[in-house]
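Just so you know, the protein sequences line up as chains A and B, in that order. When you line the first sequence up against this note's numbering, it's residues 1 to 348, in that order. When you line the second sequence up against this note's numbering, it's residues 1001 to 1267, in that order.
Treat the hints loosely; a few may be bogus.
Below are the SDA-like pairs computed for lysine to any residue, each with C-alpha atoms no more than 25 Å apart in a straight line [stated by the list, open to error]:
| # | chain 1 | residue 1 | chain 2 | residue 2 |
| --- | --- | --- | --- | --- |
| 1 | A | Lys67 | B | Trp1158 |
| 2 | B | Lys1224 | A | Lys67 |
| 3 | A | Lys196 | A | Glu325 |
Some but not every residue of chain B turned toward chain A, in silico, with C-beta under 8 Å [claimed, not checked]:
| # | residue |
| --- | --- |
| 4 | Leu1137 |
| 5 | Gln1142 |
| 6 | Gly1143 |
| 7 | Ser1157 |
| 8 | Ala1159 |
| 9 | Ser1160 |
| 10 | Gly1189 |
| 11 | Thr1190 |
Note that these hints are calculated values from the structure, not bench results. Fair warning: this is a prediction, and the values are worked out from it, not measured in the lab. Note that the Cβ used here is the ideal one computed from N, Cα and C, for glycine as well.
Listed below, chain by chain, are the residues.
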Amino acid sequence: MKRIPLFLFVCLLVSSCNKDSETEVYVPVPIQVEWPENFPEMAYNLDNNPLTEAGFELGKDLFYEGKLSSNGAIACAFCHEQAFAFTHHGHNLSHGVNGGVGFRNAQPIQNMAYQTSFMWNGSASHLDLQPIIPITSEIEMGETLSNIIQKLSADSEYQEKFDRAFDDGEVSTENMLKALSQFMVMMVSSNSKYDKYVRQEDNVTLSTIELDGLNTFQQKCTSCHATDLFTDQTFRNNGLPVNPLLNDTGRYEILEDPNDLYKFKVPSLRNVAVSGPYMHDGRFATLEVVLDFYDAGAVDNGNVDPLLLREDNTYGITLNDYEKESLIAFLKTLTDNEFLEDERFAEY
Amino acid sequence: MKLLKYTFAFLACAAITSCSSDDDNSDSNDLTGQTGEVTLKFDNGVGDQDFIFGTTYNKSNSESFQLETLKYIISNVAFTDSEGNTFMYPTEDNVFIVDEADGNNAGEIYITLNDLDAADYVSVSFGVGIDQDRFALGADGQGDFLDEASDEGMMWSWASGYKFIKLDGTFSTSTLTDEPLNVHMGSVGTALDNYREVTLAFPNTVLVRDDASPEVHIKADIAKVFDGSTTANFADGYDQVHTDVNETPIIADNINTMFSVHHVHND
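Extracted from the complex, chain B is given alone in its bound form (with noise of 0.2 Å):
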C-alpha cells in the first residue's frame, strides 16, 4: 500500500513538472489548468406547476396525488464538451441527495460541483439512485454518505439498500379519498438493478471558466413519474411502491423522463 502511494506522489510529482512545460507552449484563450464550478438547479414540478407541499395534483385516469416528501438521489454527473470529451465528477464526491423540503423559496435545490474542467459544455449527464458499481464497493469510497442516506430516509433498515426515490404522501381515485402514497424505489441488492441514466443536451452552451460560474436550471416533472412512459395507476397497485420485481423497473423507466434543461445562465 505504502510503496504504491509513493509510486502514486512520484508520478503526480512528474507529472506537474510536464505540465508546466506544456503552457510554455499555450496561447492565450488556452483553457488549460483552468477549472470553474457549475451549480445544477433542480425545480420539481408538475406539468406546468410549480411542486408545492400538500398540493393536489391529477394525473391520468382521474386519479390525484399530494405530498409530503418528495427526494431523490443524483449519482454520476458527467459533462460532455463541445469536442466530445467527457469529465466525469470525482466518484466518491459524485452523488447527492435532492430534497424538496431543502429548496429555496423558489423550490430550486442547488448541487453546486466545484473543480470542473474549464471547457465549453454541451450536455450533462446522470444517474437517479446508487449503480452497481458503487453498490459492489460496499463501504469502500462511500465516506459520509452512508450516514446522510441513512438519515434522510433513503436507506432500508430492513434491507441493505438505497431507496433511489421516496414519495410519501395521499392519492384519491374514483373510489377511493386520501388514501397513503409511498413509493420508495430502489434496486434491490444485486437481484434488482433499477440505476437508470439519463443526458440532458443543453440549449446554449455551458462554459466553465476560472472566472465564470454557470447555472443550469434542471426541471423535474413529478407527474412523470406516474404519467411517464408507462401510465402508473394507483388503482393498480402503484400507490404502494417498494422492492416489487414488476412494478419498480417501470417507476425507474418513468423517472429517466422527468428531466429537462429549461435553460442555463452563463455568467
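Just chain A, same shape as in the assembly (with noise of 0.2 Å):
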C-alpha cells in the first residue's frame, strides 16, 4: 500500500515546489572535478555521490572539525596538513586522542579519486568507508560514528549545511562519508612543474639534471611507480628491515597471505619533496637516505620483490652519485605549489 500514498506525496511536492521557488530556496551547485590529461581514468564512482557547492564545503568543515574524535580535538587534518601535502609532517607515526601513537606514517591526501585503494596496506577499498578506519580507532580519533552524528545533530550550523548540501537534508554517517569524500574527491594534484613540462603548457622546461633524472626514474622505478600517479597501486615488499618494535606485516593483516608478508602499497610520489618522513614508518628523513636505501640497504627478509633482484643475489635498485642527485632534482619537480596552497582546501 505504501507505494501509492508515495507517489501521490510526490505529486503533491511537484506542485509544492512551484509554490516553494518563489521564496528563497537553496538550489544545489553541482561542481566538477579535474581529469588532467595526463592522468588515468578516476576510480570513483561520481554517480553515487554527486559533487556540489554545499556537499564539498561541508566536507571541509569536517575535514577540519575536531568533534569527529572523542576528546574533540584530533581533527581528520591533524595527522593531514595540506603544507605537507597533506601528511604529519616530521612525525614517523601519526598520533592521536590521548597521546596515542599509531604504527604507521600518515600518507598524503590527493588524487584519492584515481586511486583504488587507501591506507598502506590498502585496507580501504572505497573511499567512502575509509575515514571510519581513524574515526573509531583507538589510538587515532577514538570516536563511534553515532556519536559524531549525535553531537554533529545537536549543532544548528551543521543542521543547516547537511540541509543544504544533501537531498534528504539527515545528519547522517552516510551523508558525513559522502561530504568528506566530496572534499577529498576535489583534492587534485597535477600542476607540478613535471605535469606542466609532459603537457606542454606555459613553455616550461626541465634543466639537464631534472631531465637526467627523469631518464634515470624511467630506467629504474617505473615499473612500481607507474603512469603519472606514480603508483601502479599494487602492493609490494621494497626490501626493508623489519623493525621489531613494530613487526608491520603489512598488507599480510588482510588476507593473512604469507605472500602478503611486509608488503606495502606503492606509494605515489606527487610532492615527495615536502611530505616526508618516508616509508611506511616514516624511518626515512630524507629523500637522500631513501635513494640510499634502494641501493645498498635493502635486505633478504623472505619476501623481496624478485623485480629488486640483482645479478648479484642481492635486493635493491643500483645508483651512482650522479642518478641519486639527479633523481632528486627530477623528484623535486613533482611539487605542486598550486595543490599546497590552494585556498579551497585550506583551512582558513
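Using the hints, put the two standalone chains together into the complex.
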C-alpha cells in the first residue's frame, strides 16, 4: 500500500515546489572534479555521490572538525596538513587522542579519486568508508560514528549545512562520509613543474639535471611508480629491514596470505619532496636516505619483490651518486605549489 | 538532479492514473495494490538443542565450544511467488543484524518486512553479509546501517569492511581447555568476496494479504558453522578466523548450509 501514497506525495511535492520557488530555496550548485589529461581514469564513482558546492564545503568543515574525535581535538587535519601534501610533517608515526601513537606514517591526501585502495596495506577499498578506520581507531580519533552524528545533530550550523548539501538533508553517517569524500575527491594535485612540462604548458622546460633524473627514473623506478600518479597501486615488499618494535606485516594483515608478508602499497611520489618522512613507518627523514636504502640497504626479509633482485643475488636498485642527485632534482619537479597553497582546501 | 526528480515525479503521477484504470477490470480475488507484512523469526540452535549463551556444545572431532556473542548480517531478502515472480525488498532497508542477545524468551529474533506485494509466496532467499554491489556504493544508500554495524561491532576498525558473522567465546579440544574462540568472517574489500546467498522453499505457501501477516520460522544451526559442508576443526586454526584467504570462504560456505525453514504461520 505504501507505493501509491508515496507517489501521491511526490505529485503533491511537485505542485508545492512551484510555490516554494517564489520564496528563496537553496539550489545545489554542481561542481566538477579535474581529470588532468596525463592522469589515468578516475576510480571513484561520482554517480553515487554527485559533487556540489555545499557538499564540498561541508566535507571541508568536517575535515577540520575536532568533534570527529572523542576528545574534540583531533580533526582529520591533525595528521593531514596541507602544506605537507596533507601529511603529518616531521612525525614518523601518526598521533591521536590521549597521546596515542599509531603504527604507520600518515599518507598524503591527494588524487584520491584516482586511487583503487587506501591505507598502506590497502585495508580500505572504498574512499567513502576509509575515514571509519581513523575515526574508530582507539589510538587515532577514538570516536564512534553514532556519537559523532549525535554531536553534529545538536549543532544548528551543521543541521543547516547538511540540509543544503544533501537531498534528504539528514545529519547521518552516510551524508557525513559522502561529504568527506566530496572534499577529498576534489583534492587533485596535477600542476607541478613536471605536469606542465609533460602537458607542454606555459613553455615549461626541465633543466639538464632534472631531465637526467627523469631518464633514470624511467629506467629504474617506473615499473612500480607507474603512470603520472606515480604508483601502479599494487602492494610490494621493497626489502626494508623489519622493525621488531612494530613487526608490521603490512598487506599480510588483510588476507593473512604469507605471500603478502611485509608488502605495502606503492606510494605516489607527487609532492614527495614536502611529504617526508618516508616509508610506511617514516623511518627515513630525507630522500637521500631513501635512495641510499634502495642502492645498498635492502635486505632479504624472505619475500622481497623479485623486480629488486640483482645479478649478484642481493636486493636493491643500483644508483651512482649522480643518478641519486639527478633523481632528487627530478622528484622535486613533482612538487605542486598550486595544490599546497590552494585556498579551496585550506582551513582558514 | 532536480530535473530528473521532476521527471520521475511526473512519471509516477502518470503511473497512478494508469494503475487506477486497471483496477476497474479487476475481480474480487485480484491482489493488485494489496500489500502485507511478513515476519522472519530467526531461531539459533545447535543440532537439536536451542542455542543458549554459555552452554557448552560438542562438535565433531571431540571438540567443544561455548559462545558469549552470536551475531550475523542478513541482507537482500527476496520472496518468490507461485508464478515465479520475485519481490525484492527495497535495497536501502534490506540489511539486518540478527543478534542472539536481542532474542525474546524463546531465543527468537524477529525481522519484520512491511509493504510486501500481496501474493502466494513459495520461497525466500537472502544473503549472509554484504554483497559487492552494496559495498561498491560506499556510503551511498547505507543510511544508518553504518552506525548500527559499527555500534554492534560488526565492522572492523582497522579496515573498512563488515564482519558478516561474529562468534566470540571459548573452545576446548582433547589437549586445550577454554581457549579463546573468535570467528569474525567477512569479505575483505573487493579482494575477497565471502558473501553467499541461500534460497529456502516454504513447506506451505506464505499468503501475504492486506489482512494477513504470516510468520516464517527460520532455524539456524550454529553447529554447521564448523561442521557444515566442510569440517573446520579448532585444532587446525579455525579457533581464530578473521580474514584468512583460505579459512574464511570455508566458514562462509558452511554458514550457507545452516538455515532451514521449520514452519510457516499464516494467520
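Tell me if Leu1137 of chain B is really an interface residue toward chain A, meaning its C-beta lies closer than 8 Å to one of theirs.
-> This hint holds: Leu1137 of chain B lies near chain A, its Cβ roughly 6 Å from the closest one there, short of 8 Å.
Per the CB criterion, is Gln1142 of chain B less than 8 Å away from chain A?
-> holds (5 Å)
Chain A contact restraint on Ser1157 of chain B - CB to CB distance below 8 Å | Cβ of Ser1157 of chain B sits 4 Å from chain A, so the hint holds.
Hey, does the Thr1190 of chain B contact hint survive, CB to chain A under 8 Å?
-> Where the cut-off is 8 Å and the nearest Cβ of chain A is about 5 Å from Thr1190 of chain B, the hint holds.
Starting from Lys67 of chain A, check that the Cα of Trp1158 of chain B is at most 25 Å away, please.
-> holds (20 Å)
Restraint check, 8 Å cut-off on beta carbons, for Ala1159 of chain B near chain A | holds (4 Å)
Go through the hint on Gly1189 of chain B and say holds or violated, using the shortest Cβ distance to chain A against 8 Å.
-> holds (3 Å)
Taking the least C-beta to C-beta distance, is Gly1143 of chain B closer than 8 Å to chain A?
-> holds (5 Å)
Would you settle whether the hint for Ser1160 of chain B is holds or violated, based on the nearest Cβ-Cβ distance to chain A being less than 8 Å?
-> Holds - the Cβ of Ser1160 of chain B comes within 8 Å of chain A, reaching about 4 Å at its closest.
Are the Cα atoms of Lys196 of chain A and Glu325 of chain A separated by 25 Å or less?
-> Distance ~22 Å between Lys196 of chain A and Glu325 of chain A Cα, so the pair holds.
Take the C-alpha atoms of Lys1224 of chain B and Lys67 of chain A, compute the straight-line distance between them, and say whether it is at most 25 Å.
-> violated (44 Å)
The structure does not agree with numbered hint 2 stated previously, though it agrees with all others.
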